[in-house]
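A.B. asks: Single-letter residue listing:
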Amino acid sequence: MADLSVKIAGVSFKNPVIPASGTFGYGREYAEFYDIGKLGGISVKGTTLERRDGNPPPRVAETPAGMLNSVGLQNPGVEHFIREEIPYLKGTGVKIIANIAGSTPEDYAEMARRLDETDVDMIELNISCPNVKCGGAAFGTDPEVAGGITRLVKAATKKPVMVKLTPNVTDIALMAKAVEAEGADAVSLINTLLGMRIDIKTRRPVLKNNVGGLSGPAVFPVAVRMVWQVANAVKIPVVGMGGIATWKDAVEMMMAGASAVQVGAALFTNPYAPVEIIDGLNRYLDENGIAGVSDIVGTVQPW
Amino acid sequence: MALHVGSYPLVKKEELAKGFYSFTLSCPEAAEAAKPGQFVNLKVPEFSLRRPISICEIDKAAGTLRLVLEVRGDGTEKLAAFEEGDKIDMLAPLGNGFAVNPAEKAAVIGGGIGVPPMLELAKRFSGTAYAVLGFRNEDASILEEDFRACCADTLLYTDDGSKGEKGFVTDGLKKLLSREKLDVIYACGPEIMLKNVIRLADSAGVRCQVSMEQRMACGVGACYVCACRMVMDGEEYYGHVCKDGPVFDSKQLVL
Ligand SMILES: Cc1cc2nc3c(=O)[nH]c(=O)nc-3n(C[C@H](O)[C@H](O)[C@H](O)COP(=O)(O)OP(=O)(O)OC[C@H]3O[C@@H](n4cnc5c(N)ncnc54)[C@H](O)[C@@H]3O)c2cc1C
Ligand SMILES: Cc1cc2nc3c(=O)[nH]c(=O)nc-3n(C[C@H](O)[C@H](O)[C@H](O)COP(=O)(O)O)c2cc1C
Ligand code: FES
Numbered sequence: 001m002a003d004l005s006v007k008i009a010g011v012s013f014k015n016p017v018i019p020a021s022g023t024f025g026y027g028r029e030y031a032e033f034y035d036i037g038k039l040g041g042i043s044v045k046g047t048t049l050e051r052r053d054g055n056p057p058p059r060v061a062e063t064p065a066g067m068l069n070s071v072g073l074q075n076p077g078v079e080h081f082i083r084e085e086i087p088y089l090k091g092t093g094v095k096i097i098a099n100i101a102g103s104t105p106e107d108y109a110e111m112a113r114r115l116d117e118t119d120v121d122m123i124e125l126n127i128s129c130p131n132v133k134c135g136g137a138a139f140g141t142d143p144e145v146a147g148g149i150t151r152l153v154k155a156a157t158k159k160p161v162m163v164k165l166t167p168n169v170t171d172i173a174l175m176a177k178a179v180e181a182e183g184a185d186a187v188s189l190i191n192t193l194l195g196m197r198i199d200i201k202t203r204r205p206v207l208k209n210n211v212g213g214l215s216g217p218a219v220f221p222v223a224v225r226m227v228w229q230v231a232n233a234v235k236i237p238v239v240g241m242g243g244i245a246t247w248k249d250a251v252e253m254m255m256a257g258a259s260a261v262q263v264g265a266a267l268f269t270n271p272y273a274p275v276e277i278i279d280g281l282n283r284y285l286d287e288n289g290i291a292g293v294s295d296i297v298g299t300v301q302p303w
Numbered sequence: 001m002a003l004h005v006g007s008y009p010l011v012k013k014e015e016l017a018k019g020f021y022s023f024t025l026s027c028p029e030a031a032e033a034a035k036p037g038q039f040v041n042l043k044v045p046e047f048s049l050r051r052p053i054s055i056c057e058i059d060k061a062a063g064t065l066r067l068v069l070e071v072r073g074d075g076t077e078k079l080a081a082f083e084e085g086d087k088i089d090m091l092a093p094l095g096n097g098f099a100v101n102p103a104e105k106a107a108v109i110g111g112g113i114g115v116p117p118m119l120e121l122a123k124r125f126s127g128t129a130y131a132v133l134g135f136r137n138e139d140a141s142i143l144e145e146d147f148r149a150c151c152a153d154t155l156l157y158t159d160d161g162s163k164g165e166k167g168f169v170t171d172g173l174k175k176l177l178s179r180e181k182l183d184v185i186y187a188c189g190p191e192i193m194l195k196n197v198i199r200l201a202d203s204a205g206v207r208c209q210v211s212m213e214q215r216m217a218c219g220v221g222a223c224y225v226c227a228c229r230m231v232m233d234g235e236e237y238y239g240h241v242c243k244d245g246p247v248f249d250s251k252q253l254v255l
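Keeping their order, the protein sequence lines are chains A and B. End of the first sequence = 303 in our numbering, gap-free, step of one. End of the second sequence = 255 in our numbering, gap-free, step of one.
If we strip away everything but chain A, and leave its shape as in the complex, we get:
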């Protein structure tokens, strides 16, 4: 048995496979399929200061090798998360990553303060949601704003802070460096790419929000490229995601420089995707005589 454990920003994960925010709720639904305590961690649904209703439906569209979503951060608010969901997740033994999103920089700091005394293991700053009007990806496309939010949050909590980056920028490494300089303990990427589909019969966008975030296998090569660029630009750990569906994808993403991976849209095709990836990683390492999964991180040998 190879060693699958990884340490990111001081947090030990028993393996590097984490369901991505917004695709796994708070874990309860998938606990009907398997023991979610087997997972490395869970990045929970994006949480806001107050309850959010989200965007009108339809909120999903199929795309070649992927999907668009325009959920718009529907969630019951941070207090509900603290009261109802953290105790449940704690009981499963899984590492908890709180994914937070604000309409103002101060919102992020306030949520971080409230989460500071809770059992969450890490805070992931979602400055990259393409589906909300205030804040969201607008924060993640300006290095000054992204850095500023990181600084405020770092001052508000002792928890490790991971900043989730949007791919909808010209130079993602620049964004990563900006948040690293303000004290980010890790970065995660990529959030969804902004996309659109039109129903040619009705001439209407499929999504009621007109546009939405693209994810799934279609974005995988973009995500690998961005993780590679970011891993080369910063010293803090990088958590890679975007289109990962199999253990081979996870290995590829880790070779590009990811210390751990998150799995999102693949869950909708196969609810067992994360556990199958864990098993596949284990077999791959054993068959190749690799002692620990961390040994493959960043081992790509570029031409």
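Derived coverage of chain B by chain A (criterion: at least 3 residues anywhere in the stretch with Cβ under 8 Å from a Cβ of chain A; other residues may be distant):
{"hint": "1", "segment": "45 to 52"}
{"hint": "2", "segment": "207 to 219"}
{"hint": "3", "segment": "224 to 233"}
Read the hints as simulated data drawn from the structure, not as lab findings. The beta-carbon is built from N, C-alpha and C at its ideal position, and this holds for glycine as well.
With the hints as your guide, set chain B with the ligands onto chain A.
C.D. replies: The following block gives chain B with the ligands in isolation, referenced to the frame of chain A:
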């Protein structure tokens, strides 16, 4: 565990009408757990998102579920290409299902592809339920004989009068309401039909449950894409069809 996922053999495939297929899948655990009004989520080869399809009949003794699907786009076209003996990747049973009290006098109202889920429901009333079925035309009419075999009366309508009476299911429901004292009305079909059925049920003071559709991803309540407008204590919010439904009490919905 109530949820099952696996590859299940297609033991019987029938073309009920042009573009309408009946699939019987052998899946004993899912059949044992299933209730009328629940649905399954089928994986379509080469597609990312599964397709939700209602359970049409449950045979616990044979360990089978029957599904009826209409080809409406690329995904359902691909599903329709499965042949007997093929295995279909399915997640089942999902959602809440209808609340059934077999002692009540019930009417089941189905419009188009909303007809199949009403069949297992109607059977639960041991011959006492009334069915009102509506279709575009004769070529798109399905399952009439199945309903006649298990219902006290079956009224059939088509938009163009090519089969049964010309008109809408609401015409049939009005007729039923004038001659029977119903305890409960169940409906599945296009949203406009559901709205009109609820209006009739409300004015007759009869309880009403409806089954809703919305585009889905996870099918289990984890991704929040399948939003539908709900109301509780006067406050509106987005609930989720796959978990809060697909069956709703009409009083829970804002249509
Ligand atoms: C709870 C529930 C029960 C259903 N029961 C049945 C049934 O018993 N028989 C049947 O034939 N159909 C049923 N449907 C509708 C069926 O899911 C859609 O017709 C089907 O998903 C269309 O897929 P497509 O690829 O052919 O169409 P496309 O339009 O190409 O699909 C594109 C995307 O939109 C989604 N989509 C399109 N139309 C619908 C719709 N009406 N509802 C939900 N998602 C949609 C698809 O799943 C896919 O993700 C049900 C839907 C729901 C939500
Ligand atoms: C339905 C859906 C909801 C999402 N909600 C969130 C969210 O609340 N917060 C967030 O940071 N990312 C959210 N994401 C983005 C994912 O976490 C992930 O970054 C992205 O989907 C790429 O990974 P994937 O291709 O494996 O899905 C969501 C994605 C999907 C598909
Ligand atoms: S489809 Fe995911 S919540 Fe309903």
